[in-house]
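Using full-length UniProt numbering, the first residue of the sequence shown is number 1, and each one after it goes up by one.
No lab work stands behind these hints, which were simulated from the structure alone.
Hints should not be assumed to be uniformly reliable.
To be verified - Heads up, simulated SDA-like pairs for lysine to any residue below, C-alpha to C-alpha not over 25 Å straight-line: (1) 129 with 187; (2) 129 with 165; (3) 209 with 244; (4) 209 with 48.
What the hints assert, rightly or not - Per label pair, the in silico range of CB-to-CB distance: (5) 137 with 221: 36 to 46 Å; (6) 12 with 171: 29 to 39 Å; (7) 78 with 238: 43 to 53 Å; (8) 192 with 167: 23 to 33 Å; (9) 212 with 160: 21 to 31 Å; (10) 227 with 66: 37 to 47 Å; (11) 150 with 243: 29 to 39 Å; (12) 135 with 243: 46 to 56 Å; (13) 7 with 66: 18 to 28 Å; (14) 76 with 221: 25 to 35 Å; (15) 40 with 137: 24 to 34 Å.
Owing to the predicted nature of the structure, the values given are computational and were not obtained by experimental measurement.
Even for Gly, the Cβ is constructed at its ideal location relative to N, Cα and C.
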Amino acid sequence: MTDSMLHAREGALAHLTFNRPASLNAMGFEMGQRWRDLAREITADPEVGAVLIDASGPAFCAGGDVIEMSTSGSAGSDVSAMAGVIHDGIRAFVESDKPIVAAVQGAVAGGGLGLMLTADYVVASPRAKFVSRYANIGLTPDLGVSTLLPAAIGQTRALRLLLQDETIDAATALDWGLVTEVADDPGARAAEIATFWLDNATAAFGQAKRLVRAGARRAFHGNLADEAQTIGAAFDTDAAQTRVAGFAAASRKSATGAAGATSAAGAASATSTTSTKESR
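Sequences are here, hints too, so could you generate the full structure?
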């Protein structure tokens, strides 16, 4: 049996791939459990610094597997239970301190929007398409869509997608803020972004992601307190001490150079003025 979700470790990068291309990577019961288990494993691993999510085949994710729902004899309680399992994985990723990038190469529909927005940075192909389609089949938003979608594009546009049978292209998605970038090779670009995170202050990127995500769920004073605590903790790390010292040294050198240039310019100006007066 083909694994519905592939997981590879590339150094400190956790690489997760939706792998049901024949079903447009629609998430069925087994795949949902695999998603939750991998999300818990990855977010609990202190050796993981960043996460890359992509998909096999022509589509990123068609949402929940409606065909499986309709042919498995499932009741509404089964669907609710399965949604809860997938939600556990979404929550693990969204609430983690691991920065996540997604590479989106094709169609994203229904709950696939929520899975995509689990990522903090979304790179889409120019050929990517985005659609809700919940109401078309008499169902309601799940997989975080009712929260993550308006957080990304605003309530008005989220309702427009949910209440109309409208498909938007990558350019519109970029304009609306649904995706972060559009690139001809989203997989390669996503890998570049993940590498940038890992080659620099990885923990600081993760904490920045956590602060922004958490800030949407709590009062302003709580956010300020968390920011103050987090920047202090970051300052005490070896990585920050090295980088802060380097930045300060470069700033002093730049300031000294600028002051020297100003003094030289002033001296040159004074000499020029004196020469002009003498020539008169």
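Tested hints:
Distance hint between residue 129 and residue 187 is fulfilled; the C-alpha atoms sit about 16 Å from each other, no more than 25 Å. Simply put, residue 129 and residue 165 have alpha-carbon atoms about 13 Å apart, close enough for the 25 Å limit, and the pair holds. A distance of roughly 20 Å separates the Cα atoms of residue 209 and residue 244; the hinted pair therefore holds under the 25 Å criterion. Between residue 209 and residue 48 the CA atoms are separated by roughly 15 Å; this keeps the pair inside 25 Å, and the hint holds.
A hinted range of 36 to 46 Å holds for the C-beta pair residue 137 and residue 221, which are about 43 Å apart. At about 33 Å, the beta-carbon gap between residue 12 and residue 171 stays in the expected band of 29 to 39 Å. Separated by about 50 Å at the C-beta atoms, residue 78 and residue 238 satisfy the suggested range of 43 to 53 Å. A hinted range of 23 to 33 Å for the beta carbons of residue 192 and residue 167 is consistent with their spacing of about 28 Å.
Our hint of 21 to 31 Å for residue 212 and residue 160 holds, since their Cβ atoms are close to 24 Å apart. A C-beta distance of roughly 42 Å is found between residue 227 and residue 66, which places it inside the suggested range of 37 to 47 Å. Residue 150 and residue 243 have their C-beta atoms about 36 Å apart, which keeps the hinted 29 to 39 Å range intact. In this structure the supplied range 46 to 56 Å holds for residue 135 paired with residue 243, their Cβ-Cβ distance being about 50 Å.
The given range of 18 to 28 Å is respected by residue 7 and residue 66, whose C-beta atoms sit roughly 25 Å from each other. Taken as a hint, the range 25 to 35 Å is violated for the pair residue 76 and residue 221, whose Cβ atoms sit roughly 41 Å apart. A hinted range of 24 to 34 Å holds for the C-beta pair residue 40 and residue 137, which are about 30 Å apart.
The structure fails to meet hint 14 from the earlier list, while all remaining hints are met.
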